[in-house]
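S.K.: Numbering follows the working numbering, in which position 6 of the sequence shown is assigned residue number 16; successive positions increment by one, without gaps.
Some hints could be false.
Label-pair distances were calculated between CB atoms; the ranges are [said to hold, decoys possible]:
| hint | residue 1 | residue 2 | range |
| --- | --- | --- | --- |
| 1 | Lys149 | Val240 | 48 to 56 Å |
| 2 | Ser169 | Gly272 | 23 to 31 Å |
| 3 | Asn277 | Asp152 | 13 to 21 Å |
| 4 | Gly150 | Gly191 | 45 to 53 Å |
| 5 | Ala156 | Glu189 | 45 to 53 Å |
In silico lysine-lysine, DSS-like type, Cα no more than 25 Å apart, as pairs [claimed, not checked]:
| hint | residue 1 | residue 2 |
| --- | --- | --- |
| 6 | Lys119 | Lys100 |
| 7 | Lys154 | Lys143 |
| 8 | Lys181 | Lys241 |
| 9 | Lys241 | Lys119 |
| 10 | Lys181 | Lys100 |
| 11 | Lys158 | Lys143 |
| 12 | Lys119 | Lys158 |
I should point out that these hints are in silico values taken from the structure, not numbers from a laboratory. No residue lacks a Cβ here, since even glycine has one placed at the ideal position from N, Cα and C.
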Amino acid sequence: MCGRYVMARAIGDLVAESGAVEPEEGLDLRANWNVAPTADVAVVLERAVPASGGPGSADDDGREAGQPGNGEVRREVHVARWGLVPPWAKDPSTGSRAFNARSETVTEKPTFRAAVRARRCAVPVEGYYEWLKPAAGEKGPDGKAARKRPFYVHPADGSLIFFAGLYEWWKDESVPEGEPGRWLLSCSILTGPSPEAGTGDETLERLHALHDRLPLPMDAGTMDAWLEPVKLPSAEAAAQLVDRVREQAYRTASGWTLDEVGPEVGNVRNNGPELLVPACGPGQQDTLV
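Please work from the sequences and hints to get the whole structure.
M.R.: What follows is the structure, given as structure tokens:
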């Protein structure tokens with residue numbers, strides 16, 4: 011799974027690396043080294059802009075920017091709440107439980123099945139945190155039951171990760187038409203099984219040991235296909251696209267590195283680059299594998 015991540019990159023850098031034409035008008039996201047569900051996050055999506063439309067304009071059917079439509083296809087950066095809120099939800103609190111979507115069932119679950127056919131996005135991150143569960147009966151240095159150990163997972167070359175994601179628009183009926191807050195854009199990150207043991211790749215072996223779930227990264231070609239703003243004709247077609255994402259995920263993830271970090275990251279109030287400092291000193295090695 012993915013329940014915490016880092017995105018401290020400048021918006022300009024994100025636009026350049028994602029291939030987006032421009033960010034959402036007025037987009038303002040602070041650097042965040044401890045992003046948690048329900049936070050405002052950057053998402054990359056494509057939409058077909060009507061000839062008469064422009065950045066941030068409503069599509070012909072009255073929905074706000076970011077929805078599929080007819081016209082020139084543009085890749086854009088928007089701000090969304092992390093935790094997908096389906097259009098039929100009574101209130102946005104349901105999103106707090108939908109920050110991840112299991113790729114194996116995403117075409118079937120009511121919360122995600124419409125989005126996977128028509129509203130796909132990429133969630134850019136610099137890296138994410140995952141916690142290693144202690145073995146049964148394992149003791150810590152103090153002789154007490156061992157605690158979970160956090161690891162920071164990130165590309166070795168410092169590039170961004172683009173996770174496969176879904177997005178939805180939720181309408182707040184209590185807010186008058188045209189007023190700020192009428193529409194809420196929200197998102198979720200797809201996950202899949204972690205690599206199996208015995209691959210022979212050191213990074214994949216460490217990911218296997220760390221957790222049984224993996225947020226699904228995309229290479230450039232897969233991201234192009236995933237973001238294409240078309241409504242797929244069936245759940246089967248959506249499943250084929252999801253399969254494509256899963257099939258290349260391990261290859262993309264093999265370029266990552268895993269660093270054990272301090273327990274401070276467990277508190278969302280802690281937020282700064284110091285969270286990324288490896289817990290192991292120079293010449294030391296963690297005991298993940």
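S.K.: All hints, please: hold or fail.
M.R.: Each hint tested on the structure:
no., hint, result
1, Lys149 <-> Val240: 48 to 56 Å, "holds, 54 Å"
2, Ser169 <-> Gly272: 23 to 31 Å, "holds, 24 Å"
3, Asn277 <-> Asp152: 13 to 21 Å, "holds, 20 Å"
4, Gly150 <-> Gly191: 45 to 53 Å, "holds, 46 Å"
5, Ala156 <-> Glu189: 45 to 53 Å, "holds, 51 Å"
6, Lys119 <-> Lys100, "holds, 17 Å"
7, Lys154 <-> Lys143, "holds, 15 Å"
8, Lys181 <-> Lys241, "holds, 21 Å"
9, Lys241 <-> Lys119, "holds, 17 Å"
10, Lys181 <-> Lys100, "holds, 10 Å"
11, Lys158 <-> Lys143, "holds, 5 Å"
12, Lys119 <-> Lys158, "violated, 30 Å"
Violated hint: 12 only; the structure is consistent with all others.
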